[in-house]
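Chemist: Given next are the chains, with one letter for each unit.
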Amino acid sequence: LAKTTQPISMDSYEGQEVNITCSHNNIATNDYITWYQQFPSQGPRFIIQGYKTKVTNEVASLFIPADRKSSTLSLPRVSLSDTAVYYCLVGEKNQGGKLIFGQGTELSVKP
Amino acid sequence: GAVVSQHPSWVICKSGTSVKIECRSLDFQATTMFWYRQFPKQSLMLMATSNEGSKATYEQGVEKDKFLINHASLTLSTLTVTSAHPEDSSFYICSARTGIDNQPQHFGDGTRLSIL
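Protein chains in written order, with this note's numbering: chain F, 1 to 111; chain R, 112 to 227.
Treat the hints loosely; a few may be bogus.
Cross-link-like lysine-lysine pairs, in silico, BS3-like; alpha carbons within 25 Å at most [what the hints assert, rightly or not]:
hint: 1; chain 1: F; residue 1: Lys3; chain 2: R; residue 2: Lys177
hint: 2; chain 1: F; residue 1: Lys110; chain 2: F; residue 2: Lys69
hint: 3; chain 1: F; residue 1: Lys52; chain 2: F; residue 2: Lys110
hint: 4; chain 1: F; residue 1: Lys3; chain 2: F; residue 2: Lys98
hint: 5; chain 1: R; residue 1: Lys152; chain 2: F; residue 2: Lys110
hint: 6; chain 1: R; residue 1: Lys166; chain 2: F; residue 2: Lys98
hint: 7; chain 1: R; residue 1: Lys177; chain 2: F; residue 2: Lys69
hint: 8; chain 1: R; residue 1: Lys152; chain 2: F; residue 2: Lys98
hint: 9; chain 1: F; residue 1: Lys98; chain 2: R; residue 2: Lys125
hint: 10; chain 1: F; residue 1: Lys54; chain 2: F; residue 2: Lys98
hint: 11; chain 1: R; residue 1: Lys177; chain 2: F; residue 2: Lys98
Not everything, but these chain F residues come out facing chain R in the computed CB check (under 8 Å) [unchecked claim]:
hint: 12; residue: Ser9
hint: 13; residue: Tyr13
hint: 14; residue: Thr34
hint: 15; residue: Gln42
hint: 16; residue: Gln49
hint: 17; residue: Gly50
hint: 18; residue: Phe63
hint: 19; residue: Arg68
hint: 20; residue: Gly97
hint: 21; residue: Leu99
hint: 22; residue: Ile100
hint: 23; residue: Gly102
hint: 24; residue: Ser108
hint: 25; residue: Pro111
Hints were generated in silico from the structure; no laboratory data involved.
By construction, the Cβ of each residue, glycine as well, lies at the ideal position given by its N, Cα and C atoms.
Extracted from the complex, chain F is given alone in its bound form (with noise of 0.2 Å):
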């Protein structure tokens, strides 16, 4: 499975855009790529997920280049609400489905 690597931790203010870029170089060609959010003492949610170029939902935009080793998870105009651990994961069918979570960013926004 291939790694990830994410900040540690990022500060923004509410109102602000922020991106968070994760690293996978050794991403396999079946592998797509999961963003996660996950708050104290609650499971990870799911927030979107891609394969390559770009994708929008309702509440973030995944922007993958094309030689996919790395991405980045862009939430507009965040809140306090916001405050959260976001991780990256790549993984693929053909191994279960099987993902193995990183540390995580541990994003903090501040009024």
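Fit chain R to the known structure of chain F by using the hints.
Modeler: Frame of chain F, contents of chain R only:
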């Protein structure tokens, strides 16, 4: 959609007892379920992969006789921590996915286990 429910959400028990945690997919059939544990300020650690109707596959270093996993139906998997000791105290989280290609895993809200 894609709701995963865990029960109980919090349990305290005496050392030496066994504790069962349930993980249910409420609105989809889960061909595969996963069990994780998480210590404070740490990431999730995958313990085992559970496929309906077959034996679970445990990650290296996870004692299969200590952590019994059963996945008897497409909507229910259970984790039993046998003869629990204080070092087994942790946050246990399950996830489930369908057999549909590249669908993401959906996680339960975890079970806080405290062994006295």
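Chemist: Please go over all the hints and tell whether each is borne out by the structure.
Modeler: Consistency of the hints with the structure:
no. : hint                : result
1   : F:Lys3 x R:Lys177   : violated (28 Å)
2   : F:Lys110 x F:Lys69  : violated (31 Å)
3   : F:Lys52 x F:Lys110  : violated (32 Å)
4   : F:Lys3 x F:Lys98    : holds (13 Å)
5   : R:Lys152 x F:Lys110 : holds (20 Å)
6   : R:Lys166 x F:Lys98  : holds (16 Å)
7   : R:Lys177 x F:Lys69  : violated (38 Å)
8   : R:Lys152 x F:Lys98  : holds (22 Å)
9   : F:Lys98 x R:Lys125  : violated (33 Å)
10  : F:Lys54 x F:Lys98   : holds (24 Å)
11  : R:Lys177 x F:Lys98  : holds (21 Å)
12  : Ser9                : violated (12 Å)
13  : Tyr13               : violated (24 Å)
14  : Thr34               : holds (5 Å)
15  : Gln42               : holds (5 Å)
16  : Gln49               : holds (5 Å)
17  : Gly50               : violated (10 Å)
18  : Phe63               : violated (18 Å)
19  : Arg68               : violated (15 Å)
20  : Gly97               : holds (5 Å)
21  : Leu99               : holds (6 Å)
22  : Ile100              : holds (6 Å)
23  : Gly102              : holds (6 Å)
24  : Ser108              : violated (14 Å)
25  : Pro111              : violated (24 Å)
Hint violations for this structure: numbers 1, 2, 3, 7, 9, 12, 13, 17, 18, 19, 24 and 25, all remaining hints satisfied.
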